[in-house]
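Chains as they are written, first to last, in the working numbering: chain A, 188 to 662; chain B, 2 to 461; chain C, 8 to 100.
Derived from the structure by calculation, the hints contain no laboratory data. One should not assume that every hint holds.
[Said to hold, decoys possible] Partial list, computed: chain B residues near chain A (C-beta under 7 Å):
hint, residue
1, TYR93
2, ILE95
3, PRO302
[Claimed, not checked] Dumping the calculated PhoX-like pairs for lysine-lysine here, alpha-carbon to alpha-carbon at most 20 Å:
hint, chain 1, residue 1, chain 2, residue 2
4, A, LYS284, C, LYS86
5, C, LYS17, A, LYS591
6, A, LYS205, A, LYS215
7, C, LYS44, A, LYS563
8, C, LYS86, A, LYS523
9, B, LYS60, B, LYS278
10, B, LYS113, B, LYS185
11, A, LYS591, C, LYS37
12, C, LYS93, B, LYS133
13, A, LYS244, A, LYS284
14, B, LYS34, C, LYS44
15, A, LYS661, A, LYS215
16, C, LYS87, B, LYS35
17, C, LYS13, B, LYS133
18, B, LYS82, C, LYS17
19, A, LYS278, A, LYS299
[As the list claims (entries may be wrong)] The calculated label-pair distances, taken between Cβ atoms and stated as ranges, are:
hint, chain 1, residue 1, chain 2, residue 2, range
20, B, LYS323, A, GLU425, 38 to 48 Å
21, C, LYS13, A, LYS571, 44 to 54 Å
22, C, VAL53, A, GLU462, 21 to 31 Å
23, C, ASN89, B, LYS376, 27 to 37 Å
Glycine included, C-beta positions come from ideal geometry on N, C-alpha and C.
This is what each chain is made of:
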Amino acid sequence: MDINNITIKNALEGLKNKDFSSEELTSKYLERIKKIDKELNAFITVDEEGALNQAKKVDELIQSDEDIFEEKKLIGIPFGFKDLYSTKDLKTTAGSKIIDNYIPPYDATATKKLKDAGVVIIGKTNEDAWGHGSSGENSDLGPTRNPYDLTRVPGGSSSGSAAAVAANECLAATGTDTGSSVRLPAAFCNLVGLKPTYGRVSRYGIISMASSFDTIGHITKTVYDNAKILEVTAGRDEFDSTTPDIPVPCYTTALNENQGIKGLRIGISKEYYIEGVDKDVESLTLKAVKHFESMGAVVKNVSLPHTGYAMSCYYILVPAEISSNLARFDGIRFGKTRDQFGNEAKRRIMLGTYVLSSGYYDAYYEKAAKVRTLIKQDFENVFKEVDVLIVPSSPTLPFKIGEKTDDPLQMYLSDIFMCPINIAGIPSLNVPCGFVESLPVGMQIIGPQFSEELLYKVAYKYEQETEYYKIQPKI
Amino acid sequence: MSNYELIIGLEVHVELSTKSKMFCRCDADYFGKKPNTQTCPVCLGLPGALPYINEQAIKDCIKIGLALNCEISKDSRFERKNYFYPDLPKGYQISQYRWPLCIKGWIEVVGKNGATSKIRINRVHQEEDTAKLVHQLGISNFKFPISNEQKLTLIDFNRSGVPLVEIVSEPDFRDVEEVRDYAKKLQQIFRYLGVSNADMERGDMRLEANISLREIQNSKSEIRNDELPNYRVELKNINSFRFMIAAIEFEIKRQTEELESGRILKQETRGWDENSKKTYLQRSKEEAHDYRYFPDPDLPPILLEEFQISNIKSQIPELPEKKLERFKSEYKLSSYDVEIITREREMADYYEEGVKIGKEFEVTPKQIVDYIINKKVNIDEVLPAKLVQAIKSALQVVAIDMGELERIINQVIEENQKAVGDYKAGKEAAIMFLVGQVMRRFKEKTDAKIVKEKIEEQIR
Amino acid sequence: MKIDIKHVAKLANLPLTPEEEEKYGKELPKILDYFNKLNELDTQNVEPTFSVIDLSNVMRNDEVLPSLSQDEALKNAPKKENGLIKVETIFKK
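Could you build the full structure based on these sequences and the hints that come with them?
The structure is reproduced here in structure tokens:
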């Protein structure tokens, strides 16, 4: 088996046909991590022993039960888990110094579901501490590098998850997306990254950043793999009050439906094709739109008039929630004292505390909550006219490590095309749409709430014809 | 304090007696349990844990609101009250501020002159309890300011997250008796509703008071009657009702003295020091909290329809005030009797059951209440039917036997004149012979003491 | 616009070094200035959005599930004693 050219789909077939065992597969990834991760810094914790034990257990199950692949949909698949996911008895740091030694006594719901589906947890991946960042540079445990260019950032905050999958250190990795954190690293690392509808996947046990924005997604090489994972993680959870009881479709089955792109109404919002966007990024995105047109899609110009207010709205509400969510880190029941917070966490705690403080609630928090309504309505209106929107994922190519660290506002602007989606709670899928020299470019396919099935179908048809996932980093 | 009028507002916290905690599935009955054995990621505030509302607690809170004549909000929300303290694991308490469950209620209380006044209830809202701080040596009078040896504090999270309802009154109390009556009535209501044990000693029910004094009106005064003083002193963290009353009384004295000597009082929070029997400053206005309330994004709103509220309303039993009036008129009982018999719902129910059975046996409601009060009947041991039986036979003993007893006594005296003579001559023991004779002839069981008394009456 | 950084830090229970105070003292007003853009919008008749999905009355039955063991509950606490979690400094409530 060649781990450089394998997907979850192939791996499951290989395991089923007994071409290789889960232990062999797991060992290959562990070897790869040993070889390259010093340079990449994608993992905070590698659980070699736990992974191999789990792989052996899985192999026994596969030996004894033919139908196990029906029951456990991701059996034997080596995963990286973002270090915000609580994993029972396995260190969970949030990429922070404060809890760099915290061992959760419980599993997040998503962790539990994936464990029940038979995955092998290779380790915990690096990230901007607490999810605060767009580049991975805010990790208290050192930045992760982009496998396509080691001098550049992999995007964040799920930086380690994206770098690990792109560099073939695991087959898939989990992420969280509050403003861009799954999609941006997926875009910068030539991967498929899902930000699901708010509430589609349980947040229970995943360390909260901003509770009304946080979504639980994942990063894979292909659309099929991505859809397969959502089948496992999605659904109502009786430990998370914000997960609606909406049935979970069999996303992978839908991919094979014969229905094509013909007649699909694609919206192009002028607010996302503006001055300041990298020309190459914009032209690759528009080229993809043309490709869809050639496949029979109908393209319409639409407008989301409040897009320009999204950054302000986001950077008021999110820090407000952060300041409250990080209050539990007081060094009493776990972790270190509050002076150990990193720079970005401190900045956001200060900002969030200020906008909620006496006399400012109305001017900032409530005002932003009202603007949130307007932004959400923009999308609702547009989705009366079109089925999906296609926009660039990032206004720039993956940037150099250190390039934006001194200017928080410039860094925040990396999320400009992504945070409106979290404000509205709708799903968005990052799909690779080409390269500028050796650097990957991604686009977002965005739909109304709970339209993940449609997003996967659309992306799948495009991926079948472009196959950018086959282009590997040199590392 | 003749020149000043007392103005008090009260905040009452009551712990609900639900099976599980407010936002998690841990056992809520923490009293006397081994420390930190009833916790989970949610009530410990572990990273990633999320709250989930206990429906029973919401129903109980609404019941309290309805019992206090509140309007029930159609749209209410949980909010985060942000502050730092070691007993607050999340760094915020899930509470309600802008969107409470119940608003605008009232209750009547009786003050020191026996006059009844209406206390307005501003709100009744749902929140969660904090963990329990335990002093290292287990000494319970944990006090402020903290001395050096008290700097070590231990925390037990078993109480963390237990459902708590807060009842906030308007500043409508004018004397301490009203405060006492209010606390007593609330306690009784909680117990009638079956929502809490409301045991003040155990901390199920806690009080906080806001106290200020207002100059009494005269024609020259510029302060309008409905205007509140521009300060108020909050009495907080006082863990016993007795101490709270003492603290209020101390404050009345202190504030009167301050005002009379021309000083200006400021907004502040004070505690009670039981050793010196004085209140002391805990926090001045400048240090006041800024709780930064905002809607808790982890919890969707509670939207209630009229039928849901009526449904809860229909589950509310007859409350003490109503029951008292009904017992008075229906059973023709005295105020004293009904006050005792309706104090607890179990007793009132027991009484009514007895009355129902009593009807068949010609035992009156008055006879039942007398028997219960005089004999201090244990209602857990004696069934109402047994009770009626006991009253019935007691009545019979008195009614029939007295005539018969006297007849026998006279007979025995006549037949034993010698013994009578001996007794009269000073032989005390001789009377016991006569008692024995009577007791033998008298068929039913009777008390020798009564017989002895009766014989003495006859001989003298 | 000037922000009382010390006051905000105190509310946030965040010990800051003098350098950090100076840094955030400069950065926060800049970020807050950027937010003023929102004042261009008339939101008088707009309802605020606190949750993006349409959910209400999400409640559970009053049932008890097993708790963590005392060991599990205390496992991560830096200081503990006799089954209790220890704090050495306590600040005013």
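Against the structure, the hints:
1. TYR93: Since chain A brings a Cβ to about 5 Å from B/TYR93, closer than 7 Å, the hint holds.
2. ILE95: Not OK, violated: B/ILE95 not within 7 Å of chain A, min 11 Å.
3. PRO302: 11 Å, violated
4. A/LYS284 / C/LYS86: Judged against 20 Å, a Cα distance of about 18 Å means the pair holds.
5. C/LYS17 / A/LYS591: 29 Å, violated
6. A/LYS205 / A/LYS215: 16 Å, holds
7. C/LYS44 / A/LYS563: Holds. C/LYS44 to A/LYS563 sits at ~18 Å (cutoff 20 Å).
8. C/LYS86 / A/LYS523: 11 Å, holds
9. B/LYS60 / B/LYS278: It is violated: about 40 Å lies between the C-alpha atoms, which goes past 20 Å.
10. B/LYS113 / B/LYS185: 14 Å, holds
11. A/LYS591 / C/LYS37: The given pair, whose Cα atoms are some 16 Å apart, holds under the 20 Å limit.
12. C/LYS93 / B/LYS133: 12 Å, holds
13. A/LYS244 / A/LYS284: Roughly 34 Å between the alpha carbons, so the hint for A/LYS244 and A/LYS284 is violated.
14. B/LYS34 / C/LYS44: 55 Å, violated
15. A/LYS661 / A/LYS215: Between A/LYS661 and A/LYS215 the Cα gap is close to 18 Å, so the pair holds against 20 Å.
16. C/LYS87 / B/LYS35: At roughly 15 Å apart (the allowed maximum being 20 Å), B/LYS35 and C/LYS87 satisfy the hint.
17. C/LYS13 / B/LYS133: 30 Å, violated
18. B/LYS82 / C/LYS17: With a Cα-Cα distance of about 16 Å, the restraint between B/LYS82 and C/LYS17 holds, given a limit of 20 Å.
19. A/LYS278 / A/LYS299: Cα-Cα ~16 Å, so holds.
20. B/LYS323 / A/GLU425: 38 to 48 Å: 40 Å, holds
21. C/LYS13 / A/LYS571: 44 to 54 Å: 50 Å, holds
22. C/VAL53 / A/GLU462: 21 to 31 Å: Holds, since C/VAL53 and A/GLU462 (Cβ atoms, about 29 Å apart) stay within the stated range.
23. C/ASN89 / B/LYS376: 27 to 37 Å: The hinted range 27 to 37 Å is violated for C/ASN89 and B/LYS376, with Cβ atoms some 48 Å apart.
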